[in-house]
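Residues per chain, in single letters:
Number of protein chains: 2
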Amino acid sequence: MANEIRGLLAQVSDRTELKAQLGAMNVVHIAEELEEMDKPEVVKVIRLLSKNKAAETFACLDSDVQQGIIEAIADSEIGSIIDELFLDDAVDFIEEMPADVVNRVLANVTRERRNLINQFLKYPEDSAGSIMTIEYVELKSEMTVASAFAQILSTGYDKETIYTCYITNAAKTLLGQVSAKDLLLSEQEKTVGEIMEQNVVFARTNDDKEELMAIFRKYGFLAIPIVDSEDHLVGIVTYDDAFTIQEEEATEDFEKMAAITPFENDYLKTGVIQLSKNRIPWLMFLMIFGTLTDQLTKLFEDSLAIMPALVAFIPMLMNTGGNAGTQSSTLIIRGMALDEIQTSDIGKVLAKELFVSLQCGIVLVIASYVCVIIFGEGFMVAVTVSLAVLATIVMSNITGTLLTFGARALKMDPAIIAAPLLTNIVDCGALVVYFVLAKAILKV
Amino acid sequence: MANEIRGLLAQVSDRTELKAQLGAMNVVHIAEELEEMDKPEVVKVIRLLSKNKAAETFACLDSDVQQGIIEAIADSEIGSIIDELFLDDAVDFIEEMPADVVNRVLANVTRERRNLINQFLKYPEDSAGSIMTIEYVELKSEMTVASAFAQILSTGYDKETIYTCYITNAAKTLLGQVSAKDLLLSEQEKTVGEIMEQNVVFARTNDDKEELMAIFRKYGFLAIPIVDSEDHLVGIVTYDDAFTIQEEEATEDFEKMAAITPFENDYLKTGVIQLSKNRIPWLMFLMIFGTLTDQLTKLFEDSLAIMPALVAFIPMLMNTGGNAGTQSSTLIIRGMALDEIQTSDIGKVLAKELFVSLQCGIVLVIASYVCVIIFGEGFMVAVTVSLAVLATIVMSNITGTLLTFGARALKMDPAIIAAPLLTNIVDCGALVVYFVLAKAILKV
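Residue numbers (my numbering), protein chains in the order written: chain A, 1 to 444; chain B, 1 to 444.
The following block holds chain A by itself, in its conformation from the complex (with noise of 0.2 angstroms):
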């Protein structure tokens, strides 16, 4: 895809056309192809833009074009940036930003703004209070429909959404929501009061991020208010957020059931050192943990001895195992982050778990034992194999319910504990179901 702006830089020598083919181009478009261009380029391009314009580029922008900018620019100019971000975005920047670029920031924005970014940057990582935005149109219970639209007209322009409005009181305690719908469709002469939904669902600044999320799912609401710990509503949280939060909450489940340490940015984007640091720790940690079963191979070695055609199957049981405690660990720790499933349900998931279990490992002994016919081993081992088939999946699928509901129980992150460890712990399992029906069948 060729650069637009390049174009429009290289052909378009008068300012004011320039700025008026820039303005008309969405932001998202816009910083993408900032992304691709030189620093130079992307000042002049950031100073052609209107005031407001450049903080919505801005704020789509990468971390690190982000700072290349700040450096750049004069800080009378960071002032009219940084002051015109939304404050959730303005947050998100600063929190990326080594300290002496924040120093510089802070230094170049209004007192009102340096005290409002050092508040929100105080809520706890993955909090709602700190992924919340503070520009909200807030209305009162007594105004008329008529004055609420001219106090959204006055003041709506700077705000993140004018779709829902909230309504409080002098203390500024949430009483209730309204729709720009709503009040659209409403005689002008009504009260805010008549008309607001008094049952408003919302969350708290201190709540997780993951119960933010679980509202959005069920309500599909386009703005959710954050309240403090006295009803006081403090910020709202937008659909757009929700929607790129619950991108990167399962790209770290992805990651995390992978054995990575989850990481920040696009993959291609991301340096090889990082990405082999986010790995190395889980390698080296299953690898150590992977010599135990090993060495449990150790304890069966007279068996082996006595019937080395027994080695053969090993890696076909550990990988059955392992393949059915992931599809029973994968499916409950999906769930959980989806909240559909509670560490109440236990009982009922081990159940089905067992009966899945007892189903899937049915067929495949079927399917087992002719495999072992075919190449060729005896009725006995036969027998043995597709037994042990069987009771490693019961084992493996009953291990990672357990584990996934363990993990969850000890308020440890399910998808680091149950996915990767499974694998192993899986493989002793059926290292050992393996050995004992051996010896009890085939007497070695």
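What the hints contain is simulated information worked out from the structure, not anything from laboratory work. A virtual CB, placed ideally from N, CA and C, is assigned to each residue, including glycine. There is no bait here: all hints are sound.
To give an idea of the interface, some chain B residues facing chain A are shown, with a C-beta separation under 8 angstroms as derived from the structure:
id	residue
1	Ile152
2	Ala180
3	Lys181
4	Leu185
5	Thr251
6	Asp266
7	Leu286
8	Gln295
9	Val363
10	Ser368
11	Phe375
Stretch by stretch, here's where chain B covers chain A in the computed footprint (C-beta under 8 angstroms, at least three residues):
id	region
12	16-28
13	148-157
14	210-221
15	239-245
16	254-266
17	337-350
18	418-431
Label-pair ranges, simulated between beta-carbon atoms:
id	chain 1	residue 1	chain 2	residue 2	range
19	A	Lys218	B	Ala74	27 to 35 angstroms
20	B	Pro98	A	Gln21	53 to 61 angstroms
21	B	Glu96	A	Asn52	39 to 47 angstroms
22	A	Pro124	B	Glu96	37 to 45 angstroms
23	B	Met412	A	Asn3	27 to 35 angstroms
24	B	Met143	A	Ala146	17 to 25 angstroms
25	A	Lys269	B	Pro98	44 to 52 angstroms
26	B	Glu211	A	Gly7	20 to 28 angstroms
27	A	Arg47	B	Glu36	56 to 64 angstroms
28	A	Gln21	B	Glu210	27 to 35 angstroms
Use these hints to put chain B onto chain A, whose structure you have.
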């Protein structure tokens, strides 16, 4: 949590009072409680709700509860609920119903609606057309802002969103869009054409929903217009549906990567038979595929006979290979799902994975060498095992990368191909690498 509606039904006998109390409740909340109640109670509550609220609640219910309601109510009531549903919800509902219910429903809706439903059922599964809805606000560019509002007020109540309005010409070609915010903040006598945004980002009816999701992710729009092959506006998809789809797509990928055929319902609501059905084919396929690894072991029986201690490290090597390969493939699969990695990036990704695997491998060489020595094996075995670890990691990362890009190039789903199959392939590779090194170093 106590069931609020059941409490209301027990305590409040006055029908008007019941209606009022139910009317004040959120439809998602009503639907949640109805799912725990008996069919006669559910039908009673549905009848107490206003036409509009009954339809909204109906849209939030699981398909088995929906079916129960339809089977219990009169033909005329069916028409009133289904006609009131947003078209996308009606189509979603019909798609889940058995043929006899579909026939009864279609016989009781207006002819216009029947035609529309039939038309929507024809869009390919997972296409933008199959998930869009037709309840959008359509304006003309010559309208003034004042007359645009008049139109929104007269038709807006039945629209899925009034916050983004679309401008078309007489031929229904999409010309632009305007937000309710821009309309509110503009002078009344301006024309819609003057204030509309002309660079509209849209999708086509036949676009895959993944492309649509990429647009939502990138721009954070409230709604995206859908046009047909002749650029005529035919529908919109709103953010709340996008939110649900994003969640479902991630869940599907989790399931595929855990070797489970994706299924629609929550885990707890899915029967044991269904859960087994969605797992058995994969377990079976992977097990049979896994016996190939077993056969491969046989090729190295001679080496194992000479040095049985080598067996002990097979599980650890296979695990490490599986873990390393899964790390690579998971990051690439997720990057592809989020449109961050394109097929053309294969060179960059391969280079990255090669360097990452060398870094990881070198660190793990040292650790595995120490492990083997600690476990009492000799220097030469330790050298063999630790070099096998390095070679296995490099081989696994490259295999994970190639398999993922290969699946994508063959238009297959990387999540299905690269994740479950990978472990088996990497197992074979690890085995070959190990014994080739053992033959070379230990002369077995």
